[in-house]
Amino acid sequence: MSPEKSTDYGSAIREGFAYLLTNYPEVFVIGQGLWSPWYVGNSMTDLDKEFGIDRIIDTPVSESACTGAAVGAAIAGMKPVVVHPRMDFMLYAMDSIVNEAAKWSSMMGGQATAGVTVRAIINRGGEQGAQHSQSLHSWFTHIPGLRVVMPSTATDARDLLIASVLCKDPVIFVDDRWLYSESDILPEVKEVDLKDQGPRITNEGTQVTLVGAGYSAKLCTDVAKILASDGISAETIDIRVLNPFNSGVIVESVLKTGRLVVIDGGWSNSGFASEVIASVTEQIDPISLKSSPIRVTLPSAPAPASSALEKIYYTRAEDVAAKIRASIS
Amino acid sequence: MSIEIDLRSGFISKSKHLDVKLDLQGQLEEDLLEQLKMMQLIRICENKLAEMRKQGKIGGPVHLGAGQEAIAVGISKYLRKSDRIFSAHRSHAHLLALGSDPKALFAEVLGRSTGLTKGMGGSMHLWDQPNGFYGSVPIVAGTVPLAVGAGLAAKLEGTKDIGVAYFGDGAAEEGIVHESLNLASQLKIPVLFVCENNLFSSHMHISQRQPLQSVARFADANGIRNQIVDGNNLLDVQAASEELIDFVRSGEGPAFIEAVTYRQYGHVDWREDIDVGVNRSSEDLAVWKNRDPIRRLSEALIELNPKLESAIANQTNQLRSQIESAWSQAELDPFPSPSSLLGTVYSAVSK
Chain A
1121 MSPEKSTDYG
1131 SAIREGFAYL
1141 LTNYPEVFVI
1151 GQGLWSPWYV
1161 GNSMTDLDKE
1171 FGIDRIIDTP
1181 VSESACTGAA
1191 VGAAIAGMKP
1201 VVVHPRMDFM
1211 LYAMDSIVNE
1221 AAKWSSMMGG
1231 QATAGVTVRA
1241 IINRGGEQGA
1251 QHSQSLHSWF
1261 THIPGLRVVM
1271 PSTATDARDL
1281 LIASVLCKDP
1291 VIFVDDRWLY
1301 SESDILPEVK
1311 EVDLKDQGPR
1321 ITNEGTQVTL
1331 VGAGYSAKLC
1341 TDVAKILASD
1351 GISAETIDIR
1361 VLNPFNSGVI
1371 VESVLKTGRL
1381 VVIDGGWSNS
1391 GFASEVIASV
1401 TEQIDPISLK
1411 SSPIRVTLPS
1421 APAPASSALE
1431 KIYYTRAEDV
1441 AAKIRASIS
Chain B
30 MSIEIDLRSG
40 FISKSKHLDV
50 KLDLQGQLEE
60 DLLEQLKMMQ
70 LIRICENKLA
80 EMRKQGKIGG
90 PVHLGAGQEA
100 IAVGISKYLR
110 KSDRIFSAHR
120 SHAHLLALGS
130 DPKALFAEVL
140 GRSTGLTKGM
150 GGSMHLWDQP
160 NGFYGSVPIV
170 AGTVPLAVGA
180 GLAAKLEGTK
190 DIGVAYFGDG
200 AAEEGIVHES
210 LNLASQLKIP
220 VLFVCENNLF
230 SSHMHISQRQ
240 PLQSVARFAD
250 ANGIRNQIVD
260 GNNLLDVQAA
270 SEELIDFVRS
280 GEGPAFIEAV
290 TYRQYGHVDW
300 REDIDVGVNR
310 SSEDLAVWKN
320 RDPIRRLSEA
330 LIELNPKLES
340 AIANQTNQLR
350 SQIESAWSQA
360 ELDPFPSPSS
370 LLGTVYSAVS
380 K
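Chains as they are written, first to last, in the working numbering: chain A, 1121 to 1449; chain B, 30 to 380.
No lab work stands behind these hints: they were computed from the structure. Everything numeric in this text was worked out from a predicted model, so none of it was measured. Certain hints may be false.
[Unchecked claim] Now the in silico label distances, taken between C-beta atoms and shown as ranges:
| no. | chain 1 | residue 1 | chain 2 | residue 2 | range |
| --- | --- | --- | --- | --- | --- |
| 1 | B | I331 | A | I1173 | 54 to 64 Å |
| 2 | A | T1142 | B | E301 | 55 to 65 Å |
| 3 | B | D48 | A | W1158 | 50 to 60 Å |
| 4 | B | G252 | A | S1156 | 23 to 33 Å |
| 5 | B | Q215 | A | E1311 | 29 to 39 Å |
| 6 | B | V374 | A | T1142 | 24 to 34 Å |
| 7 | B | V374 | A | A1442 | 39 to 49 Å |
| 8 | B | T188 | A | R1436 | 53 to 63 Å |
[What the hints assert, rightly or not] Not close to chain B: a few residues of chain A, all C-beta gaps over 12 Å, as computed:
| no. | residue |
| --- | --- |
| 9 | F1148 |
| 10 | K1376 |
| 11 | S1394 |
| 12 | E1395 |
| 13 | I1414 |
Just so it is clear, CB atoms sit at the ideal spot from N, CA and C, and this is done for glycine as well.
So that you can see chain B by itself, here it is in the shape it has in the complex (with noise of 0.2 Å):
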């Protein structure tokens, strides 16, 4: 059930609608844990990302998604293997939440060959096509597109796929979004566009970069059914990822939701970006960290099943150790070839 708040104007990220206490909706404990525990999972390997970047361990850039777990984890859940998933620069969350190993995300941010795309993309270009991650590139909504076309393709094949896009709200600032919005309705392609909207694009803070600060306007303009959620609260994902993925998969057309959320770390990196640009104050970051979208759902679980307390401070720690030995591992595995330069431009077989 969505909060009911008209975020189509004004200032979204000021809105004390976000800070609303989960309603578990009677959902079964069992289910949501494993959900948190997904989440955990996702924040720690941000995190460690993190320190590992800071410390020079990482040579090139990474984009962060801590804080904005929710959103993939509950998009996820209804998403099949053989559905068709892109993304962006800030897209470690939405691969780990399909079920990709976290230790071939370390090797392939390490350019190590057993990386996700053997060492040849590094933290910007991921690919886990059996988890159905068909790729992300840091191109601003260069993959929005391509989104489209696997959606397509799932049509013309006749099966009951679907394509997803997830974008930022920069993203929706290129015109090639505004195309593939007006091309998915009009053809009634099976694709779900994901915005999660930020607030911020680089240093930028969406009002002074759109007029208006709801994305999911340009959905209402190419008559695409579109809810706009707390992108924090994963319950709130959850229920319009079950009625939009249901019916994007039903053949219907596209669907887009638009998700509010905010990163804990800045664009790039391990810092916070704490006035980089406009807008983004200590201030606002402590209030988007109270918003936190796993702490409001261990609250809520533990306030229903206190005893839920230390189990989910062991899967915690678990996690931790696990994460830990994952990067150890990584860490120690091989470069690629010299040979894998000019091994991969072109395919290997013709046809």
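Chain A extracted, bound-state conformation (with noise of 0.2 Å):
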């Protein structure tokens, strides 16, 4: 690969499978739709090719035993890969995720752990409606015991990828069609502790701090860009990794912007939008903040199939930025 080639983030996943199947025998990816074009868009393209059927396993319809027996192989010392073409379909297998996966090193004592990756892909828009749409990413961050990951750049999603493989504790890696044609210049794959990773300043700035995971990181740097035309210095933080969810990097900015407005795409209520501002205020004197903390979520409704109501059920950067534009005038 010569330097200067850009790899967009559904590459860039791929890329890591390949790296973690040609390394780690032990590694194996089951879920539906893997010998398919049609599932999981460029990010598997060919692997079962390649590494063979059966490491790359596609299967019955059967969310929930496929995600048990990927716990049960970890435990049994693999290192797997289930993956959720959809997120909405993952919830059959809540048990083995929550029960199991999440609470084995515990309950055993921490001699045994089931250090399963889910791989849980938002796809969404596309008048697709209200089970093909969530972004569920919330509801595992309340669980101790999984680790959950959200990348937002082409080189996260193949480090953190390989991060979470190699990781001995489950870790929910969610990952989102919207972001497959963001590039980067990948480089060198270098193998980093998930436990060493955390939030992220994407953008240096002063007035305002803005959050957020996965492809709300992205809307987070799309909302600077548009408040730096107005001549608003906007700090943007890509939280990465949500659990367990070290809050320190958000609290410093907070405390030089005076500002914070977390972007997330699930819903207000119990999300982790709540989450962010809960940590980062009851860290700081309440008079060290300029305005009132803001969330920017979905509407409280599951996602519409029509497209005029999805142009307003979807976060716009544009809006997000007249409301921060608002808040600081």
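From these two lone chains plus the hints, build me the complex, please.
Shown next, in the form of structure tokens:
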């Protein structure tokens, strides 16, 4: 790969898989649609041909058993990845994730862990409606024992996937089809320890702190660009790892800017935006805030199918910028 | 040799076939005595736990398997330490039959740091991987897909180890079991499904929960080789286990044993649960106690060799004092330190 060649997010995930499957014989991938171009975009193209259908297992329509089997294989020492091409369908698998994988280490006195990676893909828009649209990452951040990861860049998509799979703990790795055309010039793979990863400043600024994860982190940088053209300096932070959540970087930033805006692709009530605001505000003197924190989330309704309603349902950078402008002036 | 009975319809609990005398099939007396000893050990442990729970010495619930010992003992005879056994809430027999230390089980039930899961699990969350026991948890059917996955791992690693999923007739009403059966069959995963059909799930008799009373019909539906056995007959369980475990180990796919049995205690703790639900009467309990797997085996052995009567009695007494002493030791063990609460939520090492 020549250094100047840029790689898109989907291809970066595929590179992560190829790296793992090449270097770690205990890695295998299980889930629906893995032999098909329909389900997972370009993120797994031909992995079955390159690494064999024994390790890239396309399955019966059984989210629950496939996830449970991946958890069991992890307990038995493998490093499985179970792929849910749409997060909505993954709800069938909640017992294996929440009751089994998340608690295994604690229940067994730390003598065994379920180092499974659950790859949950957010796939929304395009008039798909209520059950083909959800961003349910917040649910999983409530559970001790789960690590929750949301990459927003191509480099993170590859490297955090690798870190997630190598981690001994169960990881919910959430990627977003709306990010698949984002691209980076990828550096050489350097294995990182997931424990050391956390929120990261993506643009420095002084007047407002914008925080988001996954596609919302991209929205934050889009908003910052719009604000910059208005002469407002925004600092943007990509959360990257939502659980365990390390709010230190965000606290520092808010102490500097005095304003906090959190964009989240889920709903407000008990959602991750609320967690960010609560974690930050309980660590700072309220007097250091110049305005009330703002949550930017979905309206409290299931995703609509009609394009007319989709337009008002999903968050747009211009609207967020306008809201911030109003709060600053 | 399985008893030829049609358990696929009708009230299996009333079947007279389950009253037949044990045919020892010319097996070595020494081996059978060893198996009997393990069944007795399990029974004495379960009775001890019942008594201690009744006295309030145990703080949490215990789900006891007294009456079901022949199943775990018969199956474990053909398992290896490297196999991957998973179980559920009523798991003490499955664990002990693998050679696990009763004292470590007691310490766990008492919430002590020397317990099988270092005091973090109690009776319902047990682990002894060095003996092949990968874990038990009380979400009904929760570990069934895990055993499938552990079998899949063995297949991918190219070992001849197998997964074993112990579950009950109630678990067969959970959707995950059906997905697991289909997946294991389709991918030819080396896993043995063991359904202990003790006719009750909590307070409900199987006739109140399922239109047909054989759980093995679900194995048929998924193209899985299966046998229904008298779970209170060690020899019957052994014969099925030998054949089916050999089949699974050979890599030809999963297999399924339905062992019909009865729990002598109620669903949880020491009570007998007579008429807590419907169809668990004192008459039924008496019938089933008459089919006690331990009594049936010792009677068959003594009939063949009357000299064994005193040997078996001695063995029982020795086991009793051994278990008493294990309990007393466990009671002296320390509780977990406060730091263990947060210490094992995530793994200590990264990869």
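Here is what the structure says about each hint:
1. I331/B with I1173/A: 54 to 64 Å: 57 Å, holds
2. T1142/A with E301/B: 55 to 65 Å: 59 Å, holds
3. D48/B with W1158/A: 50 to 60 Å: Once the Cβ atoms are compared, 58 Å apart, the range 50 to 60 Å for W1158/A and D48/B holds.
4. G252/B with S1156/A: 23 to 33 Å: 25 Å, holds
5. Q215/B with E1311/A: 29 to 39 Å: For Q215/B and E1311/A the Cβ distance comes to about 35 Å; the hint holds.
6. V374/B with T1142/A: 24 to 34 Å: Holds, at about 32 Å.
7. V374/B with A1442/A: 39 to 49 Å: At 42 Å between Cβs, range holds.
8. T188/B with R1436/A: 53 to 63 Å: 54 Å, holds
9. F1148: F1148/A is in fact no farther than 12 Å from some Cβ atom of chain B, at 6 Å.
10. K1376: With a cut-off of 12 Å, K1376/A remains clear of chain B, as the shortest Cβ separation is near 31 Å.
11. S1394: 22 Å, holds
12. E1395: Non-interface label stands for E1395/A: nearest chain B Cβ at 18 Å, farther than 12 Å.
13. I1414: 32 Å, holds
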